[in-house]
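A.B. asks: If you want the building blocks of each chain, they are given just below.
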Amino acid sequence: MTDRPLTDSQSLIDHHGDFLYRFALVRVRNQDVAEDLVQETFLAALQGTYRESGQSAERRWMIGIMKHKIVDYFRRIAKEPLQQADPTDGPDIHEAFLDDGHWNPDAAALHQWPEQPDGLIDRRQFWDALAGCMERLPPRAAQVFTMRELDELETEHICELLQLTPTNFGVILHRARKQLRDCLSIRYFGQPQEGLRS
Amino acid sequence: MSWMTRSLFTCQDMSRLLSDAMDQSLPWHVRLRMRGHLRICALCRRYEQQLTLIRAVLRKNSATLNDENRPTPPGLTPEAKARIQQALDSRRP
Numbered sequence: 001m002t003d004r005p006l007t008d009s010q011s012l013i014d015h016h017g018d019f020l021y022r023f024a025l026v027r028v029r030n031q032d033v034a035e036d037l038v039q040e041t042f043l044a045a046l047q048g049t050y051r052e053s054g055q056s057a058e059r060r061w062m063i064g065i066m067k068h069k070i071v072d073y074f075r076r077i078a079k080e081p082l083q084q085a086d087p088t089d090g091p092d093i094h095e096a097f098l099d100d101g102h103w104n105p106d107a108a109a110l111h112q113w114p115e116q117p118d119g120l121i122d123r124r125q126f127w128d129a130l131a132g133c134m135e136r137l138p139p140r141a142a143q144v145f146t147m148r149e150l151d152e153l154e155t156e157h158i159c160e161l162l163q164l165t166p167t168n169f170g171v172i173l174h175r176a177r178k179q180l181r182d183c184l185s186i187r188y189f190g191q192p193q194e195g196l197r198s
Numbered sequence: 001m002s003w004m005t006r007s008l009f010t011c012q013d014m015s016r017l018l019s020d021a022m023d024q025s026l027p028w029h030v031r032l033r034m035r036g037h038l039r040i041c042a043l044c045r046r047y048e049q050q051l052t053l054i055r056a057v058l059r060k061n062s063a064t065l066n067d068e069n070r071p072t073p074p075g076l077t078p079e080a081k082a083r084i085q086q087a088l089d090s091r092r093p
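Chains A and B, in that order, are what the protein sequence lines are.
Mind the numbering: the first sequence is residues 1 to 198 in the working numbering, read in order.
Mind the numbering: the second sequence is residues 1 to 93 in the working numbering, read in order.
Isolated chain A, as found in the complex (with noise of 0.2 Å):
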């Protein structure tokens, strides 16, 4: 173990700078808001001191610095009005079901997904056409989606952090996620897929 404070500025973004940027880019979702969080990340650790050794501790260490940077980003803007309405208001999600509740078998018919998913979960194509039905996703609804499912934080911290109550929290990965699943029944499930189905 070495304490040795880290200072070339060259090295640092040679090692970690595309990950990083990525890492903040999939959360955010904006490549400006992403690029400023790699900088203040990088800002951050010139300024600590670091205590391990090892590429990948070092890694772990820069992680840990811009998991902060993005809970932060997140507080900032959640006190930020948004822009536009959320689209996910619109009537859409009662498309789905009949007047008395039921599932609309028009729309369910669309919903054929396999009977024993557990394959799916390595396909290269179904995460590639999730990550792209999730760029779909309202800003509002992506941000606390990405929150749980991806970092999987706890539901009280992220009503903490983006200042949401209980119900609205709830509304939202509802929406979000029966949005992901009517996309990813389209664009997905849509057309037969190769070795897919027998």
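Note that these hints are calculated values from the structure, not bench results.
A couple of the hints might just be wrong.
Claimed, not checked - Listing some non-contacts, in silico: residues in chain B with all C-beta distances to chain A over 12 Å: (1) Trp28; (2) Leu32; (3) Gly36; (4) Leu43; (5) Arg55.
As the list claims (entries may be wrong) - Quick list of the computed label-pair ranges, beta carbon to beta carbon: (6) B:Lys60 x A:Val71: 19 to 29 Å; (7) B:Ala56 x A:Ala107: 18 to 28 Å; (8) A:Ile186 x B:Pro27: 26 to 36 Å; (9) B:Arg91 x A:Ile186: 40 to 50 Å.
Even for Gly, the Cβ is constructed at its ideal location relative to N, Cα and C.
With chain A fixed as given, assemble chain B onto it according to the hints.
C.D. replies: Structure of chain B alone, referenced to chain A:
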């Protein structure tokens, strides 16, 4: 909430409750009624399975997002790198 007093959950209630159950632990009597609905409703069983699958894929891949050997989207542009380096070098003592 209206569904709390309803004697039977509709599928629409269920779609919300299945999502809620992924983020919090619901009261036992709600879980009991959900189980009753799921037993007789194939479409809600399927919905639950789909939500579970989406979570599983994301949580599995959140680890691979951190795997450098995997093909990944582009990183920082050279311009961004230069900008960051300039900012780092100018702000340090």
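A.B. asks: Hints first: check each against the structure and report whether it holds.
C.D. replies: Right, here's what the structure says about each hint:
Non-interface call for tryptophan 28 (chain B) relative to chain A: holds, since the shortest CB-CB distance, roughly 19 Å, exceeds 12 Å. With 12 Å as the threshold on Cβ separation, the claim that leucine 32 (chain B) sits away from chain A holds: the shortest Cβ distance comes to roughly 19 Å. The beta carbon of glycine 36 (chain B) is kept farther than 12 Å from every beta carbon of chain A, the shortest such distance being approximately 15 Å. Its beta-carbon lying about 4 Å from the closest one in chain A, leucine 43 (chain B) breaks the requirement of being farther than 12 Å from that chain.
The Cβ of arginine 55 (chain B) sits about 6 Å from the closest Cβ of chain A, inside the 12 Å cut-off, so the non-interface label is violated. Take lysine 60 (chain B) and valine 71 (chain A): their Cβ atoms lie about 23 Å apart, and the range 19 to 29 Å holds. In this structure the supplied range 18 to 28 Å holds for alanine 56 (chain B) paired with alanine 107 (chain A), their Cβ-Cβ distance being about 24 Å. One distance hint, 26 to 36 Å for the beta-carbon pair isoleucine 186 (chain A) and proline 27 (chain B), holds here, with the actual separation near 35 Å.
The supplied range of 40 to 50 Å is met by arginine 91 (chain B) and isoleucine 186 (chain A), whose beta-carbon atoms lie about 48 Å from each other.
Checked against the numbered hints given earlier, the structure breaks hints 4, 5 and satisfies all the rest.
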